[in-house]
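Protein chains in written order, with this note's numbering: chain A, 237 to 347; chain B, 191 to 303.
Hints were generated in silico from the structure; no laboratory data involved. Just so you know, nobody snuck in bad clues.
Only pairs whose alpha carbons sit at most 30 Å apart, straight line, appear in this in silico DSSO-like list of lysine-lysine:
(1) 342(A) x 306(A)
(2) 203(B) x 278(A)
(3) 334(A) x 203(B)
(4) 292(A) x 238(A)
(5) 346(A) x 278(A)
(6) 278(A) x 292(A)
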Amino acid sequence: QKEVEQDPGPLSVPEGAIVSLNCTYSNSAFQYFMWYRQYSRKGPELLMYTYSSGNKEDGRFTAQVDKSSKYISLFIRDSQPSDSATYLCAMSAYNFNKFYFGSGTKLNVKP
Amino acid sequence: ETGVTQSPTHLIKTRGQQVTLRCSSQSGHNTVSWYQQALGQGPQFIFQYYREEENGRGNFPPRFSGLQFPNYSSELNVNALELDDSALYLCASRPGGSGNTIYFGEGSWLTVV
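Let the sequences and hints guide you as you build the complete structure.
Here you go:
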């Protein structure tokens, strides 16, 4: 079993839709949770970072962490064609010696 | 702009050859890690360096090795290249002190033929 599971998609939505991206994990030691956006053939770009359980909002993006269910989500409101990319979840335990990534969900926002 | 730069951006090598990939990060980012990302997959942790010492390693064979230098630059070396080594190699740096996430460069695309 992988440490982090993420639905690869692709996920196709119309412009303006609310997008929900999710990851599950198995290691209860994970405390730091991140979402990265990766455009084709580019390096991942940090979008959101959260610690432990709870919600964090930044503009159109909201990250949620439910440690009891080992489940994290990223919501994108009013999605735009420029949001079309692969979204990677990542997580780490307290020592930050290694970050574990999901396989990425490819999102396509249609104009 | 993450302040992490990698070189070269693309390269092609022959099976059995050796390759060195380079990374430069911001001043104060004293932790650097390297990841391998195969097509359609998430990044896989290769190893991490802190103050020029390796302090974490993933499930990669010894032919993957690295160095970190005092000027916040680092190298990833891969010997005896195999076809499966074809991937995007990502360098990531982490700020010292309270920094608890990582910032990636644009990566080096390696093709082994």
